Amino acid sequence: MWIERLDIRGFKRLSEEIELSPNLTIVCGVNEAGKSSLHDAILRTLFGFTRSEQRRTGGESELDRCRPWNGAAYALNAIVHTTAGRHRIEWDFAEHEVVLRNLDTGEDLSSKVTGKRGDVQLGPYLLGLDLEDFRMACCVEQGEITAVPKSESLIAAMQQAVEAGGRNTGVEAAVELLHKTLSEQIGARRDTLGPTPKGRLRGLLDQKQEIEGQLEAAEGEQEEIAGLEQQRRRVQDERERAEAELRQVEQGLLRAEEERLSKRLKEIKELEDRTRQEVPEGPDLDEDARSAITRRREELDEMKGEKASLEPRAEAAREPVEELEARRAERERERASLTGYDQVDASRADEVQGLIARRESRIAADAADAPPDTGAQADRDATPAYLWLATGVVAIGSLALALAVSPAALAGLAVAAALGYLAFRAQRAQKQAARRSEAAVAGREAAAKGLEEIERELAAILDAVGIAPTEEVGDRARRYLDACKHHHRRNEIDAELGRIRGDLDTTGEPITELRRVEERIQRHEQDLRERYEVLGIEAADLAAAGREFDRLVELSRKRSATRQEIREAESNLKVALSGQTVAELEATHSEAEAKLRENIGRHGELAATGSQADLEPRRQELDAELRERSNKHSTLQGQIQARERQLPDVPALREQLQRIEGEVRELEAASQAIATAREALEESARQAHSAFRPRLKEALDQNLAAITDGRYDRVELDEDLEVTLVAPETGQLVPATRLSRGTQDQIYFLERLEILDMLDPTAGDAPLLLDEPFVHYDDDRLAGALALLAERTRERQVILFTCHEPLVEAARRTREDAKVIMLNDPLTPLAS
Amino acid sequence: MKILHIADVHLDRPFARSDRRAGDVDRARLRDTFRNCMRMAAERQVDAVTIGGDLWEDEHVSADTRRFVAGELERVGRPVLMVTGNHDPLLDGGNYERTAWPGNVHLFDASRPTELRLTDDLSVWGISWTHREPEPGELERRIAPDDGRTHILLVHGTATPLIDLVEDSGHFPFDPSKVRSAGFSLCLAGHIHAASHQGEVVYPGSPEPLGWGEMGRHCMALVEVEGSECRVELIDVNSHSYREIVVDCGGATHGGECEERVEEAIREMDSEALHLRLLLEGEVARDCEIDANQIAERHRTRFAELQVVDNTAPAYDLDALATGSDAAGHFVRLMRERIAAQSDEDERATLERALDYGVRALDGREIRIDVD
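Chains A and B are the protein sequences, given in the same order.
Be aware that the first sequence starts at 1, since it is given in the working numbering, and climbs by one per residue.
Be aware that the second sequence starts at 1, since it is given in the working numbering, and climbs by one per residue.
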């Protein structure tokens with residue numbers, strides 16, 4: 001940047017228009033001629049006054065101190081050149097307001113240089129420097145060419161300068177620019193690169209999230225709609241199945257109706273035919289007579305059956321019955337011979353028998369009590385002697401045998417023992433007989449008495465039973481007993497006859513029964529004949545009469561049945577027609593037939609599924625099912641359509657999402673690139689910082705010979721930037737502080753120029769204001785310094801303030817186009 | 001026997017457009033072109049229409065579009081045979097099931113080949129995308145019987161050896177050389193958006209190009225079948241086209257100069273049916289300000305769509321910068337080292353962008369992030 005012209009309306013003592021060179025301008029004037037005022041005016045043209053300078057402390061502010069002495073307007077205009085073009089600056093210091101206008105574009109840039117609180121940021125806008133930076137970097141006051149203060153801030157500043165490498169922007173500013181891009185264009189945090197709350201990225205991410213939510217909801221909705229559609233299709237399938245079945249059922253019903261009507265019509269015609277049938281010729285049998293005959297015939301048949309079943313039994317019983325009859329006849333003859341014993345009182349027969357027994361026993365006892373027969377007795381008594389003898393023989397024989405043959409001997413001994421025992425018994429019986437004989441004698445006497453008593457008792461009984469005493473009591477008794485015996489025999493015959501009769505009854509029962517049945521048969525046959533004859537049937541031959549009767553009955557039945565059938569047919573016909581005529585029924589049938597044909601034509605032949613009675617309820621069920629399915633189907637379809645209408649415009653949302661995702665990707669990629677650039681820049685800055693000393697040394701080395709008239713050409717800089725020079729005479733390092741003041745001035749001037757170049761972010765673009773910098777220089781070194789200065793004026797505007805006219809001349813020799821402004825007292829312009 | 005074959009209409013497709021209305025216009029155009037195709041079916045008196053899948057995009061298609069399609073197909077008044085594609089698979093309860101198709105539409109609903117006897121002499125076999133992709137290698141076996149009739153296959157897939165236009169050959173790839181051995185005289189296919197007819201495989205392409213990558217032909221195929229002979233004619237039907245032009249802005253010193261070059265490049269190109277993308281290339285002066293959006297805005301009305309992509313690079317002498325000992329030198333060297341070491345394309349792009357940003361920032365230049 002350089003200042004072309006100043007139009008000072010009023011500033012301290014100045015009120016003048018001054019034109020400046022873009023290269024070297026020398027302002028020369030005596031003390032108090034206004035050099036410092038012009039220096040100030042230039043500073044204030046570029047920077048104005050800070051807020052503290054505007055504040056009055058101790059009665060007067062810095063702003064006040066610069067007011068025009070002549071009461072002119074406290075204002076100033078300037079024309080400056082920057083890389084952006086020619087600008088006009090209009091200062092109203094009284095109000096501390098500035099107007100900046102780009103004269104090339106006409107754009108009013110005032111708003112860009114005016115802060116919110118009235119701060120004016122003109123210098124930073126034009127030069128990238130604030131007032132203090134400008135003073136430090138671009139202003140050299142009288143006598144200030146001393147060692148550059150080696151403060152940390154200066155070192156840092158130089159590091160920055162080296163880092164910037166002569167460009168307008170250093171790494172810090174570049175990083176700040178990147179951060180600005182991050183925050184303003186992307187809306188990302190500097191540290192995490194995450195979205196800032198209200199930044200662009202946040203907005204996009206929020207929009208993305210919202211759209212994704214809408215799309216997700218739409219997808220969910222689509223899935224639910226698909227589910228509804230599946231339900232709808234199922235219901236539709238069910239409905240179609242029901243419809244198909246209904247068609248089937250309806251056709252079945254039509255067919256059934258047609259068949260029913262057809263059948264009914266057929267039945268009616270049949271009934272009509274029946275009503276018209278003829279009754280067969282023949283008699284009408286009286287029902288009672290017919291039934292009586294039938295009953296009789298049945299009974300007769302039954303009897304004949306009974307007879308047939310009885311005959312084998314009767315035949316089987318005939319022989320036993322004959323035998324029984326023979327026995328009965330025999331017994332009856334025997335009983336007839338015993339007729340005289342009917343009145344015998346046989347009740348005392350046992351008693352008489354007992355008494356006879358006792359009497360005979362008594363008589364026998366008397367006879368026994370007579371002396372016994374000795375021979376017989378002896379025989380009986382001899383027996384034991386034989387026995388004893390036998391016993392002895394056997395025993396001896398046995399003994400002998402025992403000696404010879406022991407087994408036979410033993411058997412012999414056993415026999416001997418038995419015989420011994422028998423001999424013993426016989427002996428004992430003999431003793432007992434003896435005792436009885438003695439007792440018999442005593443008893444005979446008592447027996448005679450008892451016999452008499454028995455006979456008396458016997459006679460009494462015989463008298464009682466009517467046995468005439470015509471003989472001795474024994475015979476009477478025997479006669480009585482014979483009578484009783486015949487009496488008993490008669491009784492036995494009676495009993496036997498009773499049994500025979502019973503047996504005859506039992507055994508002869510089939511025969512009897514057969515006989516009875518035969519009798520009944522005969523009676524019935526007779527009755528039948530009579531009845532047949534009543535009906536006019538020749539009944540001589542019952543079988544033929546029966547057949548004739550049957551024929552007549554059948555004929556009568558047929559006549560009756562026919563008449564009944566006609567009546568029933570007439571009745572049924574009436575019912576069947578139900579008030580309709582046959583013609584009407586035929587019309588109805590034709591209609592049903594036509595409907596069926598039409599249905600088949602429309603739907604084809606469908607399988608019948610049942611009777612009308614089955615189909616009708618099924619049709620009603622299907623109707624109900626179909627209504628339900630149709631309602632459900634309509635409901636589902638309505639739901640699907642309604643929900644589909646509610647669906648968002650998915651393609652548009654997708655497009656929006658794609659755009660946003662693309663923007664987010666781009667912003668995130670830019671963020672990442674910025675972060676990468678930032679990290680790399682910071683790393684690069686660290687590497688560059690370490691190079692500022694070599695660069696300063698290089699600059700000093702390059703120019704030192706020129707300003708020291710070739711005496712020194714090498715410098716060294718330590719860590720604290722202390723300058724040492726290599727003495728040409730000794731080759732030793734000599735600290736600058738040990739050199740002459742003039743040499744120090746030269747070295748420090750050079751160092752300052754180089755540092756200024758390094759520090760000045762505008763890389764020589766900002767004007768350099770020098771106020772009597774060479775007061776301690778000798779002519780030669782002054783020439784060197786001016787030559788160095790002249791070289792610098794190629795890159796930047798230099799304004800040199802001095803009160804030494806020789807310096808003016810010297811400077812003009814160095815730079816012929818230098819513009820010289822002579823200040824007089826009181827401000828007398830001018831001469832250039 | 002004449003058959004009109006189309007495919008890949010992609011109705012209701014989202015378009016990558018900068019504003020919503022443009023997407024709506026693009027979608028309306030797809031409908032218009034589809035309608036035109038159906039009208040041409042009547043004009044050309046074809047006997048049947050075949051649609052080779054991706055008629056719409058299932059995720060996006062609206063009920064209104066489905067009704068529109070059903071209405072148009074009904075109006076065709078002749079058999080319409082359709083298979084579904086990877087973008088519109090036939091799903092339970094999905095959009096195809098929710099559409100009330102007219103009686104003249106036959107939708108092949110299986111992912112295995114099924115036959116429809118179109119005439120006594122001609123059968124069309126269709127393979128649809130359902131909840132699963134058709135089996136690759138389906139054509140490895142004999143499908144159509146050798147019965148002396150003509151059999152045509154309708155599929156949505158990638159004829160792999162033929163087509164090198166798409167990187168994605170994973171959608172039902174099939175070997176076109178197997179079409180005939182599988183028993184077919186012709187394969188009417190969908191999935192590839194650029195029209196082609198090679199051997200027995202016919203791709204009509206999408207009726208309209210669907211984006212910047214679709215610079216090929218966009219047709220309907222008119223197929224005449226006589227016995228086993230099939231003659232195919234590809235008829236361009238697209239109303240719009242996409243084109244990319246590189247505008248060399250190299251050496252431009254200011255934005256105006258670039259604009260002049262753009263104007264020169266598009267002077268003869270006015271077309272409201274053209275989607276034009278201008279790629280500004282070359283190195284421009286460091287302070288050359290190019291406002292791509294402004295350029296696009298200035299000429300937008302002349303085209304259906306105009307995109308201006310600023311690929312120019314400010315003429316920084318990076319080689320010179322890299323020699324410096326200042327931060328810029330270090331920075332350029334550092335970034336170049338990192339770029340050289342980076343094999344990942346994305347990472348390298350980020351590093352290159354970081355280099356550009358860093359140099360611009362060191363130059364004190366504003367960094368503009370253009371995302372529109």
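Any given hint could be a false lead.
As the list claims (entries may be wrong) - Beyond 12 angstroms from chain B on every Cβ pair, some chain A residues (computed): (1) R296; (2) G466; (3) A594; (4) Q672.
What the hints assert, rightly or not - To spell it out: a stretch of chain B is covered by chain A in this simulated footprint if at least three of its residues, at any positions, have a beta carbon under 8 angstroms from a beta carbon of chain A; those stretches are: (5) 3-15; (6) 325-331.
Quick caveat, the hints were computed from the structure, so don't treat them as lab data.
As the structure is a prediction and not an experimental result, all values here were calculated from the model.
Ideal Cβ positions, reconstructed from N, Cα and C, are used throughout, including at glycine.
Here is how each hint holds up against the structure:
1. R296: holds, 87 angstroms
2. G466: holds, 135 angstroms
3. A594: holds, 29 angstroms
4. Q672: violated, 5 angstroms
5. 3-15: Contact hint for the stretch 3-15 of chain B vs chain A: holds, 4 residues under 8 angstroms.
6. 325-331: holds (count 7)
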